[in-house]
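J.: Listed below are the residues making up each chain.
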Amino acid sequence: NAGVTQTPKFRILKIGQSMTLQCTQDMNHNYMYWYRQDPGMGLKLIYYSVGAGITDKGEVPNGYNVSRSTTEDFPLRLELAAPSQTSVYFCASIRSGLAGNTGELFFGEGSRLTVL
Amino acid sequence: QKEVEQDPGPLSVPEGAIVSLNCTYSNSAFQYFMWYRQYSRKGPELLMYTYSSGNKEDGRFTAQVDKSSKYISLFIRDSQPSDSATYLCAMSRGYSSASKIIFGSGTRLSIRP
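Quick note, the sequences are listed as chains A and B, same order. All residue numbers for the first sequence refer to our numbering, where the first residue is 3 and numbers rise by one. All residue numbers for the second sequence refer to our numbering, where the first residue is 18 and numbers rise by one.
Derived from the structure by calculation, the hints contain no laboratory data. It is possible that some hints are incorrect.
[To be verified] Result set (DSS-like, lysine-lysine): computed pairs, CA atoms no more than 27 angstroms apart in a straight line: (1) 59/A to 46/A; (2) 59/B to 46/A; (3) 59/A to 19/B; (4) 117/B to 59/A.
[Unchecked claim] To give an idea of the interface, some chain A residues facing chain B are shown, with a C-beta separation under 8 angstroms as derived from the structure: (5) 12; (6) 33; (7) 43; (8) 44; (9) 47; (10) 50; (11) 52; (12) 56; (13) 60; (14) 110; (15) 111; (16) 112.
C-beta atoms are modelled at their ideal positions from N, C-alpha and C, and glycine is treated no differently.
All chains, full assembly: derive it from the sequences and hints.
T.: Written as structure tokens, this is what we have:
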């Protein structure tokens, strides 16, 4: 199994450009998450989804959009990129709610985005 | 006020020492508490997972949750240089309708040989 796959691994954007970070998981997990991690900091939740067609805002959703048309895919869209969006983006998934679960979020390898 | 507070460190201790890492939180609805370890340029990986209050031990690692004080801890015994990493606490209410998993800012730990 590939687990959680993120693309691209690295990207440089100019201010005002748009792009989509792709995230795919092959574990049939219902819950998926997008986090950003600034240098030396923890993870901040951007958006999450508890199933296909259902998304919700996290702690820092401004400047981002998501969609969840399938169980496997959870792309993150950046519109009008700004230098403040320079960060490492992690996609993660978990089978279901934490009740009766191991609490283990499976993370992708991260996407390093620089906005100049 | 942040929902989860964690001292960012850095924390440097000699090999073999007992390490104590802590987080406080403000949302009394949190029931699920986790500790993740993150090596440089890698994604976080789960270390410990606890539900509600109490202690949980796994090898050299012990997780404690004190819900009355809204305080969680991770203890590492006989610390090794390979334990050098950033440690992130995470927590959630856990119900399917409120499945946000919130992380602390992480504590950078260095174990000196």
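J.: Looking at the structure, which of the earlier hints fail to hold?
T.: As far as the earlier hints go, 5, 12 are violated by this structure, in ascending order.
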